[in-house]
Structure formats: C-alpha cells, structure tokens
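> Sequence:
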Amino acid sequence: MSFRGKLRELIVALEFKKGDKIIYPNHGIGIIQDVITTTIAGMKQSLYRMHIYSNESTVMVPVGNIGEVGLRPIASKKEVDKLFRFLRDGSIDTYGDWKGRYQENSEKMRTGSITQVASVYKNLMLLSEHKPLSYRERKMLDRARYLIVSEVALVVDSTEEAAEKKLDRAVKISIKSALASSA
Numbered sequence: 001m002s003f004r005g006k007l008r009e010l011i012v013a014l015e016f017k018k019g020d021k022i023i024y025p026n027h028g029i030g031i032i033q034d035v036i037t038t039t040i041a042g043m044k045q046s047l048y049r050m051h052i053y054s055n056e057s058t059v060m061v062p063v064g065n066i067g068e069v070g071l072r073p074i075a076s077k078k079e080v081d082k083l084f085r086f087l088r089d090g091s092i093d094t095y096g097d098w099k100g101r102y103q104e105n106s107e108k109m110r111t112g113s114i115t116q117v118a119s120v121y122k123n124l125m126l127l128s129e130h131k132p133l134s135y136r137e138r139k140m141l142d143r144a145r146y147l148i149v150s151e152v153a154l155v156v157d158s159t160e161e162a163a164e165k166k167l168d169r170a171v172k173i174s175i176k177s178a179l180a181s182s183a
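Using my numbering, read the sequence shown as starting at 1 and increasing by one per residue.
Accuracy of the hints is not assured; some may be wrong.
Claimed, not checked - Below, simulated DSSO-like cross-link-like pairs (lysine-lysine); rule was C-alpha separation at most 30 Å, straight line:
| # | residue 1 | residue 2 |
| --- | --- | --- |
| 1 | Lys78 | Lys17 |
| 2 | Lys78 | Lys21 |
| 3 | Lys139 | Lys77 |
| 4 | Lys21 | Lys82 |
| 5 | Lys77 | Lys165 |
| 6 | Lys18 | Lys82 |
| 7 | Lys139 | Lys21 |
| 8 | Lys82 | Lys165 |
| 9 | Lys176 | Lys78 |
| 10 | Lys166 | Lys77 |
| 11 | Lys131 | Lys165 |
| 12 | Lys176 | Lys99 |
| 13 | Lys139 | Lys165 |
| 14 | Lys44 | Lys78 |
| 15 | Lys176 | Lys77 |
| 16 | Lys131 | Lys172 |
| 17 | Lys21 | Lys77 |
Don't read these hints as lab results, they were simulated from the structure.
Turn these sequences into a full structure, and let the hints steer you where they fit.
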C-alpha cells in the first residue's frame, strides 16, 4: 500500500472535535471550528467547518472525506524530532527532467505529510545549489518552507524565526553531505 493510502487509512480512523488544530494539505494549520450536520442533495452529512490560518478562510470538509483530503492532526514533538533527523540525513531525491520532478513534488505536497513536504524542500534546495529554480518550483519551495516552519513553531512552541533557523541548519547539513557524496 502506498504512503498516501496508509495515511488515508489512519486518518479515516480519527475523529476531530471542535477546537482541534489540524493540518490541511498545501494550506497549513487550521482549527476545527465546528462539526455540523447538513442536508446535501437530500442526504444528511456531517462536515468539519475549519478556519485556515494562512489565508484566513473557512473550509468545510465532509467527515467521511478527511482521508481523501489528507486532513491530519498537528505533528507531535516526537514526529518533529524525526523530521529534523530526516532533514539532516543527506539523502535527497533527485529527478532528471523538470516535468517529472514537478509532478512528483506536487504529489508529495498534496499528501499533507510533513516528511513528504520536507522531502520536496530538500530536493528543491539542493537543485537551487546547481541552477536557478523555475517560477513554479520557487513558489513550491516557498510553500514547503512555510508549511514546515509554521507547524514546527506551533509544535515546539517557538517563534517562526527560530523554526526557520533550525530548518536552515538541518538542510544545510543535508545539502553539504549530498554534495560531498556526489563529488
């Protein structure tokens, strides 16, 4: 089973309640404002009404669709520690052609997994050491950075600036290692 499939299975088993902080893939941190029941096309359906902080929007997601959407709880401190080990480890996926790389990275961003987002970030940071990124890849890099930094800052109760510095140090170690092994 794919990573995304496992993630969906795990998330479907979860239930969120009012006040829970969540991650909405590609948008970042939000909060469950309410769980409402409404009638859609003649059928009663329960929906999560969420406030997404990054763009100050309200989003509604059917409770039964959280797996497909990729909605997940905020990472734990243990998961953040694991994330930084991954960020420092020097293993960075590389792709030959722009189209394949962009499609793969887009899919990883849509999973909502902080580790998959970090994989995209490491890949694009390494690529930027060799050549300028395209406009779309630069936007993806900035988005990945925002998603990682905002979640890490929330989880470890630090400022975004402190989370950025920690991210920069970890990725710098990884890139240095990757460049040394390819030399």
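> State for each hint whether it applies.
Hint check results:
1. Lys78 to Lys17: Within the cut-off at roughly 23 Å; holds.
2. Lys78 to Lys21: 17 Å, holds
3. Lys139 to Lys77: Measuring from Cα to Cα gives roughly 28 Å; hence the hint holds.
4. Lys21 to Lys82: 20 Å, holds
5. Lys77 to Lys165: Satisfied, since the Cα-Cα distance of roughly 17 Å is no more than 30 Å.
6. Lys18 to Lys82: Holds, at roughly 28 Å.
7. Lys139 to Lys21: 25 Å, holds
8. Lys82 to Lys165: With a Cα-Cα distance of about 17 Å, the restraint between Lys82 and Lys165 holds, given a limit of 30 Å.
9. Lys176 to Lys78: Holds - the C-alpha atoms of Lys78 and Lys176 are around 25 Å apart, at most 30 Å.
10. Lys166 to Lys77: 14 Å, holds
11. Lys131 to Lys165: 23 Å, holds
12. Lys176 to Lys99: Between Lys176 and Lys99 the Cα gap is close to 26 Å, so the pair holds against 30 Å.
13. Lys139 to Lys165: Roughly 20 Å separates the two Cα atoms, so the pair holds.
14. Lys44 to Lys78: At roughly 38 Å apart (the allowed maximum being 30 Å), Lys78 and Lys44 break the hint.
15. Lys176 to Lys77: 26 Å, holds
16. Lys131 to Lys172: 17 Å, holds
17. Lys21 to Lys77: Between Lys21 and Lys77 the Cα gap is close to 15 Å, so the pair holds against 30 Å.
Taken one by one, the earlier hints fail for this structure only at number 14.
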